[in-house]
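Position chain B relative to chain A; hints supplied.
Protein chains: 2
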Amino acid sequence: MPDQPAHMTPEEFRRHGHAAIDWIADYWASLDDLPVRAQVAPGDVRRLLPASAPETGESFDAVLADLDRVVVPGLTHWQHPRFFAYFPANSSPAAILGDLLSSGIGAQGMIWATSPAVTEVEQAVLDWFAEALGLPDTFRSDGPGGGVIQDTASTATFTALLSALHRASGGDVRRHGVGDADWRVYGSTQAHSSLVKAAMMAGLGEDAVRTIAVDPATQAMDVAALRAAIADDVAAGLRPVMVHLAAGSTSTGAMDDIAAAAEVARGHDAWVHVDAAWAGVAAVCPEHRGHLAGVESADSFVTNPHKWLLTTFDCSTFWVRDRAALTGALSILPEYLRNAATESGEVVDYRDWHPQLGRRFRAIKLWAVLRTYGIDGLQAHIRSGIALAEHVAELVAADDRFEMVTEPSLSLVVFRLAAGDEQTMAAMEAVNASGEAYLSHTTVEGRTAIRLAVGSWRTTRADVDRTWRALQEAAAAQA
Amino acid sequence: MPDQPAHMTPEEFRRHGHAAIDWIADYWASLDDLPVRAQVAPGDVRRLLPASAPETGESFDAVLADLDRVVVPGLTHWQHPRFFAYFPANSSPAAILGDLLSSGIGAQGMIWATSPAVTEVEQAVLDWFAEALGLPDTFRSDGPGGGVIQDTASTATFTALLSALHRASGGDVRRHGVGDADWRVYGSTQAHSSLVKAAMMAGLGEDAVRTIAVDPATQAMDVAALRAAIADDVAAGLRPVMVHLAAGSTSTGAMDDIAAAAEVARGHDAWVHVDAAWAGVAAVCPEHRGHLAGVESADSFVTNPHKWLLTTFDCSTFWVRDRAALTGALSILPEYLRNAATESGEVVDYRDWHPQLGRRFRAIKLWAVLRTYGIDGLQAHIRSGIALAEHVAELVAADDRFEMVTEPSLSLVVFRLAAGDEQTMAAMEAVNASGEAYLSHTTVEGRTAIRLAVGSWRTTRADVDRTWRALQEAAAAQA
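Chains A and B, in that order, give the protein sequences. Position 45 of the first sequence, counting from 1, maps to 45 under this note's numbering, and the rest follow consecutively. Position 399 of the second sequence, counting from 1, maps to 399 under this note's numbering, and the rest follow consecutively.
Quick caveat, the hints were computed from the structure, so don't treat them as lab data. Some hints could be false.
Stated by the list, open to error - Covered by chain B, according to a simulated footprint, are these stretches of chain A (three or more residues, beta-carbon under 8 Å):
| no. | segment |
| --- | --- |
| 1 | 41 to 49 |
| 2 | 61 to 67 |
| 3 | 170 to 180 |
Don't be surprised by glycine CBs; every beta carbon is placed ideally from N, CA and C.
Just chain A, with the same shape it has in the complex (with noise of 0.2 Å):
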């Protein structure tokens, strides 16, 4: 036999395992005074590496020594307390160590027989969490729907589109594709880019996705646009197979009317998919459930605990209403996965509830946020990301070169230097480039704004004081 390497021992693996913990918590620890955007150029990171791999191995103390050379350098810092770009994904240290505990598993849960409780976890945890959000009862695994962790949203309105298409067509797509049937996907201009990305992945192409126009004032979704623009398509023989509704949309926030959207959907039987990927957790508390009204309606769901409810990344919970729509779209069964507990139907085999065949147990992670904040921390933290926010549009009134574009959504404010685009552009760049803070972009109405959105736990109110302080520096630079 060749010699085995040499692999860690387990005394090897629970010292450097402390001390990769300890890093991290150092690292965590240093936050505060790094700049939250990294101050490198492009191929700086690259340059401080070796052109190969070692020949011989090196300890693992070596890799955490060139995290801090090399990598916290080139890294901007999501887990900053006032990291408040796109939206912040953060990372609370219970999901992490569950996740931990997941590597350390190591189990396969692509079909429940390759470890049951890979899957039954995942389908409890995913039923706890849709009654923690008040979603309706069809979402549930014990019906004919259910939840599945996908790893992002991206992929859960891939599979509902999939999953339109399967059911519009009789199964027909599965056998025959897409073919030149014109089937048309509906969004508003706001709708996420994976709603295109989707269109085009799944053979639609760009141009099936039509465009639906918004309310100015609210940017959601204009219903009776909707109602027009499929009333066209169907009268021009075209197919209506999905309306795509934003509960947040990723630019402002902005909460289509669902019970509304849903009932024209549902007159030209297409699927209805909401996209509340942001904002959907916030529905752990009972007074922020309102942009859900009308959720019963629809046929599928996503949000994504890794963004603001405190689970590391990938962990984006998607509920379908009819998983035979979903499982008939993706289902495949070669023989070397074929099995009695499958052949008895009365398990779940996740294989064929997204695009993917090997599946790791994300569950863990999520079942260790909900189990360690419990229904109450987790409401706690809503509502200090919320009240945040509020306090962001306080100061915007409070000081006459900044107005609001849009109404405060949740945790994130909307707003822009009186001034004029260009301005509010460098303001937000001056602050970022300070790596004081950091902030996005948008456009809303053909106009440039600035995001801030709340999400981090380590956010305190003297992060935001402190970023507005800068803000109105470089407001006052631009005067």
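Then chain B, alone, in the frame of chain A:
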């Protein structure tokens, strides 16, 4: 301001983190005494969980305790030294700690600008790994090609198909969809099921996959049959878009002749995708590169370090010769992701290399594996697995109740009981049910066979011998 919930303090994180590391070390130490396959029936795990999430938070210690009480009995232990089913997904201590650090950093690498180190370390590590496997320079990131970490080989095959459609249509598919152009995709009868799934998802449908016969002895694609099939299809007005080649099929580890098949494909401008999900990593050993001969003709190539190369799931390394086809098929650029670095053209934005938008810092775990093992250590690991498989083949040859079904392929051995299909299946099922070892089955030329795939770094010769004795006893019980 509302109260913040009780997040773990840094001290608590260290304490629970060290406990999680220790839990994993203890779990690994216990594996040898656990049944490999879970001994539970459908619903057994679920019944141990409460119906709802708790109202108030519990300690992380309670989660750890429930791993032992609820989860472990419901696991099939993929990290067990006598796990020989499917392809083992083995996970080394270094990879697990690398992934833990990625969770702690919690950066989103969707574009270069959102955390430059995520992209640049990944580019560097994929170049290192391409060199370590002896892949052609055309796959390196400093030319028109490049590598990216996908979640699974299924996703790699799907993105290869989207790239192929983009190139073949001159970009028309992106815009107008696949239409009724009668695209055809080719793979052998032994191609992974993800090829059909990819065709379904891309809107081509199952029927677009034309299945090519294999040589009965080697199970490799019959290249003459491929040539004839493509010629027939072209004559019938169909459009060959991609040829999928298995460099190590799932069933028996069959190796398609890449050079010969690629020559046929090139004659029709069809994309050549090489799926070496399991066997590709063996190429870290120069003497185990024969199955990749001709890969310089491939348009894309995938292999999974998360199977046989010690990297915790998910880590599927995917390279293309021409990244323009890939990004052409998948690029989107919403306003909020516009930035100077992207517009300069100096950076790679991995968002456009896969279906998802968000992406975690997966390169750290592969970096940790390459560095802590070194090329030498990885070669020793691969050689050790192959030597154990050769030992299994000798055991099969020495017992006339058993017979080989195909020649051993690297670390995979496929054999059966001479007595027949029913006896073969019963003997395997007896071993699996006993928990002593875990094997999987397949069908080769219409007959049932047992697959024994060596992969775990924990597997010793004693584990193989113990498994063999269990199989012999089961065979005796069938006689």
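Against the structure, the hints:
Check result for the segment 41 to 49 of chain A against chain B: holds, 6 residues qualifying (beta carbon to beta carbon below 8 Å, three or more required). With 4 residues having a Cβ less than 8 Å from any Cβ of chain B, the segment 61 to 67 of chain A passes the three-residue criterion, so the hint holds. Against chain B, the segment 170 to 180 of chain A contributes 8 residues with a C-beta closer than 8 Å to a partner C-beta. That satisfies the three-residue criterion, and the hint holds.
Going through the hint list in order, the structure satisfies each hint without exception.
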